[in-house]
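Engineer: Could you put together the complete structure from these sequences and hints?
If you're matching them up, the sequences are chains E and P in order. The first sequence begins at 1 in our numbering and counts up by one. The second sequence begins at 1 in our numbering and counts up by one.
By construction, these hints were calculated from the structure, which means they are not laboratory data. Careful, some of the hints might be misleading.
Derived BS3-like pairs: lysine-lysine, alpha-carbon spacing no greater than 25 Å straight-line [unchecked claim]: (1) LYS530(P) to LYS128(E); (2) LYS121(P) to LYS26(E); (3) LYS352(E) to LYS291(E); (4) LYS49(E) to LYS49(P); (5) LYS494(P) to LYS507(P); (6) LYS446(E) to LYS121(E); (7) LYS49(P) to LYS121(E); (8) LYS128(E) to LYS494(P); (9) LYS446(P) to LYS173(P); (10) LYS562(E) to LYS507(E); (11) LYS121(E) to LYS26(P); (12) LYS530(E) to LYS128(P); (13) LYS128(P) to LYS49(E); (14) LYS562(P) to LYS530(P); (15) LYS299(E) to LYS431(E); (16) LYS291(P) to LYS316(P); (17) LYS26(P) to LYS530(P); (18) LYS121(P) to LYS49(E); (19) LYS316(P) to LYS299(P); (20) LYS173(E) to LYS446(E); (21) LYS431(E) to LYS173(E); (22) LYS128(E) to LYS49(P); (23) LYS121(P) to LYS530(E); (24) LYS195(P) to LYS316(P); (25) LYS128(P) to LYS494(E); (26) LYS446(P) to LYS121(P); (27) LYS530(P) to LYS121(E); (28) LYS195(E) to LYS316(E); (29) LYS128(P) to LYS446(P); (30) LYS507(P) to LYS562(P); (31) LYS494(E) to LYS562(E).
Number of protein chains: 2
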Amino acid sequence: MLLRMSSLFLRTLRDDPADAEVPSHKLLVRAGYVRRVAPGIYSWLPLGKMVLENVTRVVREEMDRMGAQEVLFPALLPREYYEATGRWTEYGDTLFRLQDRKGADYLLGPTHEEMFTGMVKGELSSYKDFPVTLYQIQTKYRDEARPRAGILRGREFVMKDSYSFDLDDDGLKRSYEQHREAYIRIFDRLGIDYKICFAMSGAMGGSASEEFLAPTPTGEDTFVACHTCGYAANAEAVTTPAPPAVTAEHPPLQVLDTPDTPTIETLVAHVNEHFGLGVTAADTLKNIVVKVRTPGSDKTEVLVIGVPGDREVDFKRLEAALAPGVPEIFEAADFERHPGLVRGYIGPQVLKDLGITYLVDPRVVTGTSWVTGANEPGKHAANVVAGRDFVPDGTIEAAEVRAGDSCPRCGSALSIDRGIEIGHIFQLGRKYADAAELDALGPDGKPIRVTMGSYGIGVSRAVAVIAEQRHDELGLVWPREVAPADVHIVGTGKDNQIEVALDLAAKLEAMGLRVLVDDRPGVSPGVKFKDSELLGMPTVVVIGRGLAQGVAELRDRAAGTKEEIPLAEAPALVAAACGVTAA
Amino acid sequence: MLLRMSSLFLRTLRDDPADAEVPSHKLLVRAGYVRRVAPGIYSWLPLGKMVLENVTRVVREEMDRMGAQEVLFPALLPREYYEATGRWTEYGDTLFRLQDRKGADYLLGPTHEEMFTGMVKGELSSYKDFPVTLYQIQTKYRDEARPRAGILRGREFVMKDSYSFDLDDDGLKRSYEQHREAYIRIFDRLGIDYKICFAMSGAMGGSASEEFLAPTPTGEDTFVACHTCGYAANAEAVTTPAPPAVTAEHPPLQVLDTPDTPTIETLVAHVNEHFGLGVTAADTLKNIVVKVRTPGSDKTEVLVIGVPGDREVDFKRLEAALAPGVPEIFEAADFERHPGLVRGYIGPQVLKDLGITYLVDPRVVTGTSWVTGANEPGKHAANVVAGRDFVPDGTIEAAEVRAGDSCPRCGSALSIDRGIEIGHIFQLGRKYADAAELDALGPDGKPIRVTMGSYGIGVSRAVAVIAEQRHDELGLVWPREVAPADVHIVGTGKDNQIEVALDLAAKLEAMGLRVLVDDRPGVSPGVKFKDSELLGMPTVVVIGRGLAQGVAELRDRAAGTKEEIPLAEAPALVAAACGVTAA
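Structural biologist: Written as structure tokens, this is what we have:
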């Protein structure tokens, strides 16, 4: 279907939309691909719909290729399904809730774990029916507090979500691995630059999990990357390489008077000035008390966490490390109930006697010596040696990760980068199968609890991510697989330039290329060139001044190169530039 | 992608679902194509999703072919767009309304007139930009009071809606005609049997309008059809052929005492018994008083309507005839305000003097003589002649249409049939353009008000309609274009029958056919045959007992025929049966 600019429903804009902050948002609006309807809610114009459809096609092809079967759930869902798993309330304000004319409660599906699980339970019963992987490409709804960045984080968006159902952990691992490979093929085909990051399972309650993050300067997510060995992880998933244990002899523990030292800085300054210790913040051991609540109950356990004094506790890392337990602040009233814990002066020396669990940062290895609290108001202790003066109950990854920290795989310096989550693969395990009592009848007639994987791709988001990664100051630069057209032919308008452009367009289309042709009469060449750069087709052909000499100009949008080609050979040469060989 | 029953996510059911009333609902559930989630809300299983996708593809191809451009609007829409046209309230309980976390009002789009109009207004400004036709294939929401019949009338459903934007009435007619032709191609390709029915524009406020109705015994809509000339129309749109005027002399008007004749039946009996008139109900003239309200105001006008006494007034026809005016019941209090109108005894003789408009059924032509009210309690009049004793102000199509009435085109007897609306094309005119002030700047610099057409196809409903029209007592009978597969190969399971079936499947797939193969081990031939009939692929091949003799069985699902074919020639013969010639 030849796309003619003279009739294409398209208006390009000179100015960035007032509410746009990131390049993809500015460009997709300026180039007439999307339009805002409400915060986080967008319409797709013809060129945008084509890109969305191309992305959808790639995702569908690769999901089909891995043997996943496509289904389609409704977006409007009755409360009962989400009530059973507690998510009707857990989702909080993020869930769009509504009532029908009879007053029955409904929601707009933010994710469909419950529905997939229920569908499999409804259809399958025998171990012979497994494994099975189902997917859908469907519109989802989340009432984000701050919808931003155009279609990067919308409130109505298109997702591919899939679920694998296996009878054992090995099966789940295979399904997970198949998805991982399919995702690699998908994002490669979409021309997205991505990192596969280790991710903690977090609140979803499973085990292995990886995120596909697209590095962009404007990304909402931060991740940790090693540019030497390629290691990448969420901050929550980064592991700290433990230094070797220290065998040196240390002087005995020494209690120091440290009045007016409420912070690590004041403590370090005080002990260096008054006791000549010559320590830094990294030599101090900061002890944080938290309560850990068992989800679904009011039971809490007291926990002390020790991290080097130069690092903050990263609450997200702490949450991930304690999951499914939920950390809560240890408040003044809690301290009153535990007089052994002297606020501001806690040292690990007394924790064993108090019966309180003590977890330390992996850097706190046996034989290391620390300045820490002395468990008396106004007093700290020096030469507090791990393994001698206290023995931790284990380690915990709760300290903040910083650029320059050692890569857990190769030891090089890590960097902290920004990115956008475009995919997530996740060994969910039996959480939803347990909730739904999803069993297969085994060969011995006994039930086998099914284990699940959960896998998502942000389909509409991927369009924005590609725009975010593939643009320059002139406009969009689409990879061929997702571009609305392979080639954009600009007929500049004098003499018979437009007729020749249309003729070339017809020839290229007959060769199987998707063609956009600028056949607008009375529009200046400058405007047409600007539009061709803004719209971003991978190959541009100009039928302009050279026509009299029988030449056209062939431009590569991404490389920024231009060359003159003989018009007679244009069909073959343009097709070749688009990767198509003439029959 | 070979579909193998051994791994296909499918469970067929022996029994009809308890809530199913119509064949398509029963069969689509039993054959594992759809599953109910909530009233009027369904999930699509893999085979169902394929049919839905096939229907979508046909619709998209034909819309693209006619030059319509595809866009995509959100389903979640802010109130403001629908407030401007009054439909936020007009839609009543049918509209799903909700609020976001900030308390802002939203709705789930039941139809998108406002959005399309707004989009065109936002993008286009010059007369050169027109005409343009936009469409989308998108999920819509209507909170039907009685969702029924599975996906025939859902609360969440897929629609193709399109709108044409033209600068003048001729352009609108062309756009309308193009849609009409595209719809004919679409429904022909989908294998749907349909009638194109004249339809009144009704509440939408435009002019020409036709509905595509699929005749089915279980249809919710009734329509009038002439099986002689092919005329078809909504009851609202049927016109009554006027008989020729009567020139015979009639005796003078005669007032009759008619006590205790509250109904036409008692009146007819009374006048025949006491005055020997020998009339039937069709010779009496029944006069109905209504108030007609101007929409958006409280102003009403009194109107009397005269119809032959053997017919009821059809309120839907009356509404359509009076639109945009809204008929309202003339109540007791209204009669008190109009003492000239004697309830139960109204005759048209006095209406001119009372200054009340009188409209009659087209059968009430000049010279016809009637028994009607004498405008006094307990009295009627005979020999009341149209044109002599009263002169109507015009005619109105308000009387019920009955089977056997004359076709307005050819005069044959009409039948009243049932059907399901699958498409609607409609010359909307300037209603929404006026509301949005949608103008194009003309060549003379003056604004031209745009005129619109509105066109819809129920995409998910079409799946059910095909099932409703194409099934037998054994199961579904899909037309090839929408079937999940061209051919269903049944390997019955003994010896190497399944291997041979898989081998044939691979060969057919390589020839471009879509193949479903029943390779389930340990399932009886009887169950496999039953499933193949229920699932409804157009061509079935059985690799069974004949294998030893080198023959397979080729079945045509629709024709119910079976023939033995040599296995060696099976690929070419099966492909030919599927309409594909071997290369």
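Engineer: Has the given pair, LYS128(P) with LYS494(E), been kept, meaning a C-alpha gap of at most 25 Å?
Structural biologist: Status holds; Cα separation ~19 Å.
Engineer: Given the hinted pair LYS446(P) and LYS121(P), is their Cα-Cα distance within 25 Å?
Structural biologist: holds, 16 Å
Engineer: Given the hint that LYS507(P) pairs with LYS562(P), does the C-alpha gap stay at or below 25 Å?
Structural biologist: Roughly 21 Å between the alpha carbons, so the hint for LYS507(P) and LYS562(P) holds.
Engineer: Could you grab the alpha-carbon distance between LYS195(P) and LYS316(P) and see if it respects the 25 Å cut-off?
Structural biologist: holds, 21 Å
Engineer: Given the hint that LYS431(E) pairs with LYS173(E), does the C-alpha gap stay at or below 25 Å?
Structural biologist: holds, 16 Å
Engineer: So if I understand the rule, the pair passes when the alpha-carbon distance is 25 Å or less; does LYS173(E) with LYS446(E) pass?
Structural biologist: holds, 23 Å
Engineer: Tell me if the straight-line CA distance from LYS530(P) to LYS121(E) falls inside 25 Å.
Structural biologist: holds, 24 Å
Engineer: Given the hint that LYS128(E) pairs with LYS49(P), does the C-alpha gap stay at or below 25 Å?
Structural biologist: holds, 23 Å
Engineer: Between LYS195(E) and LYS316(E), is the straight-line Cα distance small enough, at 25 Å or below?
Structural biologist: holds, 21 Å
Engineer: Given the proposed pairing of LYS530(E) with LYS128(P), does the C-alpha separation stay at or below 25 Å?
Structural biologist: holds, 21 Å
Engineer: Run the distance test for LYS121(P) versus LYS49(E): straight-line Cα separation, threshold 25 Å.
Structural biologist: Within the cut-off at roughly 19 Å; holds.
Engineer: Quickly compare the C-alpha distance for LYS446(P) and LYS173(P) to 25 Å and report which way the hint goes.
Structural biologist: Judged against 25 Å, a Cα distance of about 23 Å means the pair holds.
The structure is consistent with each of the numbered hints, conforming to all of them.
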